[in-house]
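Could you build all of it, start to finish, from the sequences and the hints given here?
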Amino acid sequence: MEQYFVFVYGTLRKHERNHYLLKEAELVAEQAWTEGRLFDTGYGYPALQESSIDVVYGELYHVTEEQLWRLDELEGYSAEGMDNLYNRKKKDISYDRDKSQAYVYTIADHNQYMLKTPIKSGDWKEHHLLNQDPILYFAYGSCMDDARFKKAQVDHYFQKVTGTGILNGYTLRYSANIHDGGRADIVEECGIVEGKVYEIPANCVSYLYRREGVGSRLYRPTFVDLTINGTLYKDVLTFSVVNKEVETAPPAHYSEEIIRGGTGYLSESYLEKLKEHIKILCKLN
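Numbering (my numbering), first residue to last: 1 to 285.
Any given hint could be a false lead.
What the hints assert, rightly or not - When the alpha-carbon atoms are kept at most 20 angstroms apart in a straight line, the in silico EDC-like pairs for lysine to aspartate or glutamate are as follows:
1. 275 to 133
2. 99 to 245
3. 90 to 73
4. 90 to 2
5. 14 to 40
6. 23 to 54
7. 14 to 189
8. 90 to 54
9. 90 to 126
10. 90 to 50
11. 283 to 245
12. 116 to 126
13. 89 to 66
14. 273 to 256
15. 99 to 40
16. 279 to 245
17. 14 to 180
18. 14 to 2
19. 99 to 155
20. 99 to 133
21. 23 to 235
22. 23 to 225
23. 116 to 40
24. 234 to 73
25. 151 to 126
26. 90 to 72
27. 234 to 188
Since the hints were made in silico from the structure, they are not lab data.
Now the structure itself:
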C-alpha cells in the first residue's frame, strides 16, 4: 500500500477539530517545520502562504492514499481543479531527527484575500491556545528553580505546582549553546523527560517569553501532551530550542538550578541520570 508524507499546521493537528481525519495515520513527528508564512483567515482555520523567509510549525504524518483523498476533500483541493481553496504541493520538512519531503496544503493564489492576520510565531496552536487563562506550563530546566523568579519579582506567579510532568518520546539535551555553555532543551526522540508543571496566569507568559529568548528565536513555545500521576494533560505549554546544536556542558550555576529545582519533584533515578549526563558532557568538553 502506497503511503505519503503530509505536513499539517492547522485544524488537522492533534486535539484540533479536524484531527479525526488523521486518527489512523502514523505520526512521524509532532515537532516539525517548513518554510512559509502563516495567516489567520478569520474563519477558524489558518492558511500557509509560500515564503522563503518565515517558518511554519506543525506535525508530520504518514498517510494512506484513502486518507490523503479525505484530506484533499477537507482542503477543497482537486488535482484538476481550477477553483481550489488550497493547492497541494511537496515541500521540504524538517524535524528533530531528520528531514523529508511532504505534501503541504498552501492557499491558492486566487484566495490570497483570505489571509487576514499574520501569525508571527508561525504556530497555529500558540496563536489560539495562549488565549486560555490559566495556562499549564511544563518546566524541565532552570525554571524548575525559583531563585530567578524571586530576583525578577515574579515568584508569586509560580506558586501553584500541579505536579511532576512525565513527557514521553523526548530526551533532555543541552543543545542551546550560549557563551558559557549549554542550556536545556527537549528533543523529540525516544526517551522520557521529567519536569514541574505549574498553573500560571496568562499575564505571566510574557515573562517566560523574555526569559527564554523567544523574541531572538533562542527558544520557541510549543505544546506537548504529558502525564501527571498517570493522568493525561493535553497541549501543555513548554519551550524548545529553535536552532539545535551539538550538546555542550551546562555551566555550574545552571546545573545547580536544575538539580535544586527538581529535587523533591523529579524521581531519584531521573535526577541521578541528569547528574551523570552533565558529568559526561563536562568530560567531553
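Results for each hint:
no., hint, result
1, 275 to 133, "violated, 35 angstroms"
2, 99 to 245, "holds, 16 angstroms"
3, 90 to 73, "holds, 18 angstroms"
4, 90 to 2, "holds, 16 angstroms"
5, 14 to 40, "holds, 18 angstroms"
6, 23 to 54, "violated, 29 angstroms"
7, 14 to 189, "holds, 18 angstroms"
8, 90 to 54, "holds, 17 angstroms"
9, 90 to 126, "violated, 25 angstroms"
10, 90 to 50, "holds, 12 angstroms"
11, 283 to 245, "holds, 18 angstroms"
12, 116 to 126, "holds, 17 angstroms"
13, 89 to 66, "holds, 17 angstroms"
14, 273 to 256, "holds, 14 angstroms"
15, 99 to 40, "violated, 27 angstroms"
16, 279 to 245, "holds, 19 angstroms"
17, 14 to 180, "violated, 37 angstroms"
18, 14 to 2, "violated, 24 angstroms"
19, 99 to 155, "violated, 40 angstroms"
20, 99 to 133, "violated, 36 angstroms"
21, 23 to 235, "holds, 17 angstroms"
22, 23 to 225, "holds, 16 angstroms"
23, 116 to 40, "holds, 6 angstroms"
24, 234 to 73, "violated, 28 angstroms"
25, 151 to 126, "violated, 28 angstroms"
26, 90 to 72, "holds, 14 angstroms"
27, 234 to 188, "holds, 17 angstroms"
This entry does not satisfy hints 1, 6, 9, 15, 17, 18, 19, 20, 24, 25, going by the numbered hints stated previously.
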